[in-house]
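Protein chains: 6
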Amino acid sequence: MERKDGRKNDQLRKYKINRHFQIHPAGSVLIEMGNTKVICAATIEDRVPSFLKGTGEGWLTAEYSLLPSATNTRTSREAARGKQTGRTQEIQRLIGRSLRSVMDLKALGERTVTVDCDVIQADGGTRTASITGAFIAVVEACATVYDGTKPFPVKDFLSAISVGISASGEPILDLNYEEDSSCIVDMNVVRTGMGQFVEVQGTGEGRPFSREEMDNLLALAEKGTDELISYEKDILGNDLVWKVGRE
Amino acid sequence: MERKDGRKNDQLRKYKINRHFQIHPAGSVLIEMGNTKVICAATIEDRVPSFLKGTGEGWLTAEYSLLPSATNTRTSREAARGKQTGRTQEIQRLIGRSLRSVMDLKALGERTVTVDCDVIQADGGTRTASITGAFIAVVEACATVYDGTKPFPVKDFLSAISVGISASGEPILDLNYEEDSSCIVDMNVVRTGMGQFVEVQGTGEGRPFSREEMDNLLALAEKGTDELISYEKDILGNDLVWKVGRE
Amino acid sequence: MERKDGRKNDQLRKYKINRHFQIHPAGSVLIEMGNTKVICAATIEDRVPSFLKGTGEGWLTAEYSLLPSATNTRTSREAARGKQTGRTQEIQRLIGRSLRSVMDLKALGERTVTVDCDVIQADGGTRTASITGAFIAVVEACATVYDGTKPFPVKDFLSAISVGISASGEPILDLNYEEDSSCIVDMNVVRTGMGQFVEVQGTGEGRPFSREEMDNLLALAEKGTDELISYEKDILGNDLVWKVGRE
Amino acid sequence: MERKDGRKNDQLRKYKINRHFQIHPAGSVLIEMGNTKVICAATIEDRVPSFLKGTGEGWLTAEYSLLPSATNTRTSREAARGKQTGRTQEIQRLIGRSLRSVMDLKALGERTVTVDCDVIQADGGTRTASITGAFIAVVEACATVYDGTKPFPVKDFLSAISVGISASGEPILDLNYEEDSSCIVDMNVVRTGMGQFVEVQGTGEGRPFSREEMDNLLALAEKGTDELISYEKDILGNDLVWKVGRE
Amino acid sequence: MERKDGRKNDQLRKYKINRHFQIHPAGSVLIEMGNTKVICAATIEDRVPSFLKGTGEGWLTAEYSLLPSATNTRTSREAARGKQTGRTQEIQRLIGRSLRSVMDLKALGERTVTVDCDVIQADGGTRTASITGAFIAVVEACATVYDGTKPFPVKDFLSAISVGISASGEPILDLNYEEDSSCIVDMNVVRTGMGQFVEVQGTGEGRPFSREEMDNLLALAEKGTDELISYEKDILGNDLVWKVGRE
Amino acid sequence: MERKDGRKNDQLRKYKINRHFQIHPAGSVLIEMGNTKVICAATIEDRVPSFLKGTGEGWLTAEYSLLPSATNTRTSREAARGKQTGRTQEIQRLIGRSLRSVMDLKALGERTVTVDCDVIQADGGTRTASITGAFIAVVEACATVYDGTKPFPVKDFLSAISVGISASGEPILDLNYEEDSSCIVDMNVVRTGMGQFVEVQGTGEGRPFSREEMDNLLALAEKGTDELISYEKDILGNDLVWKVGRE
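Residue numbers (full-length UniProt numbering), protein chains in the order written: chain A, 1 to 247; chain B, 1 to 247; chain C, 1 to 247; chain D, 1 to 247; chain E, 1 to 247; chain F, 1 to 247.
Hints in this document: simulated from the structure, not taken from any laboratory. Some hints could be false.
It does not matter which identical chain is meant; a pair holds if it fits inside one copy or across any two.
To be verified - Here are the simulated SDA-like pairs of lysine to any residue, each with C-alpha atoms no more than 25 Å apart in a straight line:
hint : residue 1 : residue 2
1    : K16       : K83
2    : K155      : R100
3    : K106      : D215
4    : K14       : E247
5    : K223      : D147
6    : K150      : R87
7    : K223      : E212
8    : K14       : T149
9    : K53       : L30
10   : K243      : D156
11   : K83       : S50
12   : K4        : D147
13   : K150      : T88
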């Protein structure tokens with residue numbers, strides 16, 4: 001069965017990453033996965049949280065937000081309500097944890113990388129698009145402080161994708177909002193350039209799922225993240241690709 | 001004396017408004033004034049604040065925010081700190097008040113227009129760019145509910161610009177961030193298509209100013225807002241221009 | 001290699017559930033998994049969130065908290081700081097989602113079940129212990145409103161456990177705090193009485209993990225959750241076991 | 001007239017203090033006064049509030065909370081609402097002030113004792129039970145830092161009880177929730193081992209009260225607090241009893 | 001021993017109540033007790049808290065605040081910090097409870113009296129001055145809605161005073177800030193026109209106190225509250241005095 | 001056309017400033033403009049915000065609040081709601097900015113002047129009355145730290161007034177609440193003793209305004225601020241008048 005937008009079950013949406021999107025941050029991209037669009041920026045500051053002072057190690061932290069106008073019906077503004085929702089906090093913890101998994105925080109030195117993922121248009125998969133886009137912004141930002149005396153602070157490539165089981169029971173890759181709202185199982189997967197898993201978060205929304213279904217979803221996610229990592233290498237160019245993982 | 005970016009004292013920066021920028025809101029534009037870029041969206045909902053229930057009148061409210069990555073050095077996220085700054089609240093009150101001045105809230109009926117101005121890149125003049133951009137988004141949004149039985153809810157054109165007295169004592173139009181940081185008098189002016197004032201907010205940052213200086217600034221502002229209103233008419237096109245102010 | 005506390009890699013800690021632990025809530029248990037102790041209570045109220053009013057469906061929501069005195073070094077009190085941490089919100093969202101997956105919310109009718117998981121002593125695995133304990137409290141609470149005219153609101157059994165890869169590279173079941181702090185991969189798994197997955201949340205803390213390691217962890221989790229579900233049946237007794245899933 | 005639960009007017013409920021209730025805090029007890037159950041923990045940290053830095057003196061502070069599931073009908077969680085109620089703040093100020101009255105803060109040195117009183121089941125008298133239970137936890141905690149070179153930081157015994165005038169006009173000791181809800185005068189009394197008053201807080205709930213009624217209530221409170229202090233000595237054992245007040 | 005300001009131990013400071021102090025509220029006074037000055041206003045609105053809707057009964061609630069400039073060293077503004085201190089909440093609960101004790105809330109009907117006590121200058125005894133002043137404002141406000149068909153909503157007179165044991169061991173009446181800061185026992189007493197107690201709150205600040213000391217303090221408080229009630233009758237005038245307690 | 005209260009269009013309300021109104025702050029006045037009454041206090045502390053540490057410069061900051069009982073219908077208390085409104089923040093930013101414009105912050109040295117404007121009765125023009133009153137309080141406060149070795153920290157006189165266009169289309173000076181609520185244009189003007197402008201904030205409430213109307217309003221404001229500055233000199237007396245602007 002074909003998907004509403006004509007894609008095959010194992011096909012990603014049209015994707016694109018615009019580098020150097022903003023003039024101020026050290027790294028900045030606009031990532032588009034279909035109609036989902038996220039501005040991902042990375043800022044580097046010469047300070048660390050107090051628990052790291054004097055250790056020589058750095059830190060990476062992430063924040064995530066939806067523009068009120070980004071969603072189908074307007075989302076109320078968190079700054080106006082005075083607090084971030086549980087969903088926002090969960091997503092920004094996931095983004096930060098995922099990116100830290102490929103960071104060499106010793107090589108970074110006593111600096112903090114702050115990643116801002118601001119969704120300007122949402123159509124499903126905003127958290128995985130944020131991770132993929134932020135990865136590029138972090139590489140851009142780290143290149144601005146890299147002087148070759150220590151390893152490059154980014155050790156491996158990283159990308160993320162959503163997979164799920166559709167309402168009709170089929171495993172599908174890279175769900176848009178409509179598919180996400182109706183799917184019965186939903187899974188977000190973060191993987192490295194070496195082909196290993198950093199995060200697997202699967203949830204039975206409509207019903208529990210079997211071990212076999214889980215295996216099918218993981219295989220789809222492997223295909224999607226591999227394709228995105230290949231694209232990341234294209235747009236980073238030889239000079240930056242060569243730096244990632246360099247000791 | 002020429003300005004650092006080569007502009008004449010009475011010259012606007014390069015400006016551009018992209019209409020239909022986002023797919024979800026009823027009205028949405030990206031406005032650029034030089035390096036300042038703001039997403040302005042207008043959403044219409046069939047509800048009004050409690051003080052208007054049953055009156056047949058509508059309301060317009062505005063929210064404003066800077067992306068943390070939009071500024072020279074990263075701005076901390078208001079949603080994370082749990083409250084909006086005084087500056088943010090002052091700006092969103094100004095945007096809302098300015099737009100309401102050209103609205104026919106009776107013609108709108110019991111609906112609320114919510115305007116979201118999200119600055120994705122800041123280089124001075126974000127509040128005035130927000131007003132000009134939001135005006136277009138509001139016209140777009142009102143057109144989606146206009147059926148000809150009542151007047152069009154937008155009565156007149158509206159644009160805004162900043163003017164100031166530079167460090168060297170000269171009146172200048174449309175200050176960028178560097179000029180804004182060093183100017184000695186700073187003024188924001190909002191004007192209608194009929195050439196009248198809606199808001200005049202002048203502040204002596206470095207020193208007080210004379211009545212004559214004020215007159216010079218107002219003249220510059222008249223030139224800038226006239227040019228922007230002319231551009232608004234170009235990009236709205238005949239069909240929408242014809243609607244504005246139609247009874 | 002044997003674990004510090006003498007357990008085998010695939011062995012649960014000593015566990016125990018005390019039913020009817022508090023006198024006020026409709027359902028209440030104290031669950032102990034080794035030194036981890038959680039009070040899980042379920043309250044039923046005749047109201048639903050506004051998005052469910054008039055639908056005939058009910059809701060289940062969960063809250064989670066650590067007593068300040070429950071942890072190794074005192075945890076600051078969230079009520080005193082004025083907000084819940086991201087970790088707390090993430091955990092209570094997980095507990096709520098997991099329990100809802102085995103609820104028949106139509107059969108519940110327009111009622112809300114509120115689950116409170118308050119950790120009085122923490123030694124690793126507090127979120128999975130909360131889910132297992134809360135499941136029993138919810139069954140107790142639903143029995144107080146069940147009159148046989150509709151299906152029993154709980155459709156299947158549910159338990160949860162943590163698994164991980166230890167510092168020495170071995171897959172281990174039911175990590176205590178010390179093991180959790182030093183492990184290199186950490187996974188929480190929620191499973192039903194029918195042997196299917198409701199949640200799988202795996203994180204590479206120290207390094208990414210391979211597909212094979214993931215398979216080993218899932219197998220361990222299956223063993224642990226099966227044993228807990230068997231224990232749940234023992235302590236619920238025939239009368240309540242018979243009700244679960246009854247249509 | 002006999003009380004509903006069969007007690008005489010001047011009789012305490014069945015009481016019990018379990019020492020060493022939690023494994024992490026320096027001092028920890030579970031106190032039960034009838035169905036009222038409170039976990040009282042005392043933690044000692046090597047820091048003081050800024051107004052005491054460099055003075056050689058220590059501090060004691062208290063926090064109080066009700067588990068949402070502790071009460072007759074569920075109490076909403078303060079951490080979720082984002083602030084503590086006035087009642088909570090009033091109670092924790094009372095607990096802290098009462099305990100400080102028997103502390104030798106110079107002898108404690110530059111340390112802070114944090115007392116956490118978490119009510120896991122409420123049936124009247126939670127604030128007085130918290131004071132009595134916390135006293136034991138504080139003695140336990142102080143013993144862990146006492147080395148005999150300075151006086152023991154606890155100078156005297158301390159206990160607390162509620163008294164009141166019942167709906168039928170009789171003075172009664174140790175009110176349970178039902179009695180507390182219907183009484184016309186309510187008084188909380190904190191007393192030392194030397195038989196003196198630390199706090200007397202009397203409130204005419206249903207009507208004002210006379211000087212004679214006040215005298216009767218104080219006499220009842222003296223009886224109750226004396227009995228509790230005698231029990232405190234029993235459960236602390238000779239070694240700790242000998243330390244209290246030792247110079 | 002004479003007090004620093006020349007008063008005898010049983011002597012009140014110079015006191016004065018200015019009625020009709022503000023033009024907007026239904027009742028408004030400025031009360032001065034020595035240098036302590038409090039604006040007490042009472043507003044009546046035709047609404048009640050939800051737990052009273054449809055019962056025919058009214059409510060009285062109180063709020064209390066210190067102007068930042070009212071104190072010896074500036075007090076930080078609660079509105080700026082975003083929350084009220086525990087001290088503020090405790091005081092406003094005391095004021096509300098004390099005033100409700102002389103209200104006939106049935107006679108008030110479904111209305112809410114809101115009492116605002118704003119301290120414009122603080123020199124000890126602000127909470128007791130607030131109660132005494134607010135009593136007059138409440139009588140003024142109730143008179144504006146009294147039509148003789150039901151009893152007058154204020155049943156009895158009410159006044160409050162502080163007493164204490166000075167650093168030199170003597171019982172003293174109406175402590176100023178300096179005396180309050182150095183006293184070893186501190187007690188606030190609220191009494192009715194019939195000579196009965198509504199609130200007694202005694203605290204051993206420097207040391208515990210004996211039963212005999214308590215008796216001495218209560219006697220002083222009786223003297224002080226009697227004198228204030230006599231003054232209240234003077235300034236209310238025959239017409240209002242006649243209304244209080246009228247059925 | 002005469003105004004309701006009998007004033008001419010260019011006439012101020014009856015005004016009065018009571019100096020030394022409170023005993024604790026370094027400077028304190030009660031300013032009355034008709035029925036509008038504001039307590040303005042200035043406190044000087046030996047600390048500066050972190051961005052000024054070590055620069056030798058001082059700071060001035062302002063806070064503003066309405067007593068709940070100050071307004072026509074009771075205003076809810078910001079401290080109770082847990083945040084300041086946008087209006088409050090806008091006003092206190094205006095007050096601070098205006099006063100800083102006449103401060104020599106270098107001459108002040110590393111000190112902070114905190115200005116508290118607390119409105120005890122509101123009848124229009126509270127923000128401009130706050131600025132005029134606070135000016136006197138700041139002069140009083142600066143005199144307490146002035147030793148003649150540096151210039152006096154206040155460089156010039158400052159006053160503020162509101163002007164507007166009435167419902168009947170006439171320019172009027174110093175609007176009371178009723179005039180303010182019905183006016184079609186509203187403008188606040190802050191001016192120095194040298195006759196220059198510090199702030200001009202004009203808003204078309206009911207309709208936009210022409211350049212000519214603006215000129216008329218500025219002329220009225222010049223008249224009003226000149227008269228107030230003349231009064232300021234009267235009440236400051238020779239000694240303080242001589243200090244203002246002294247180098």
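Results of checking the hints against the structure:
1. K16 / K83: For K16 and K83, neither the intra-copy (32 Å) nor the inter-copy (34 Å) Cα distance is at most 25 Å.
2. K155 / R100: within (10 Å within a copy, 40 Å between copies)
3. K106 / D215: neither (36 Å within a copy, 32 Å between copies)
4. K14 / E247: Neither: 34 Å inside a chain and 45 Å across chains, both beyond 25 Å.
5. K223 / D147: Cα proximity of K223 and D147: none, with 35 Å in one copy and 50 Å across.
6. K150 / R87: neither (37 Å within a copy, 33 Å between copies)
7. K223 / E212: both (17 Å within a copy, 17 Å between copies)
8. K14 / T149: Intra 39 Å, inter 43 Å, cutoff 25 Å: neither.
9. K53 / L30: neither (33 Å within a copy, 39 Å between copies)
10. K243 / D156: within (10 Å within a copy, 52 Å between copies)
11. K83 / S50: Intra 24 Å, inter 21 Å, cutoff 25 Å: intra and inter.
12. K4 / D147: Neither way: K4 and D147 sit 49 Å apart in one copy and 33 Å across, limit 25 Å.
13. K150 / T88: neither (35 Å within a copy, 37 Å between copies)
Hints 1, 3, 4, 5, 6, 8, 9, 12 and 13 from the list above are not met by this structure, while the remaining hints are.
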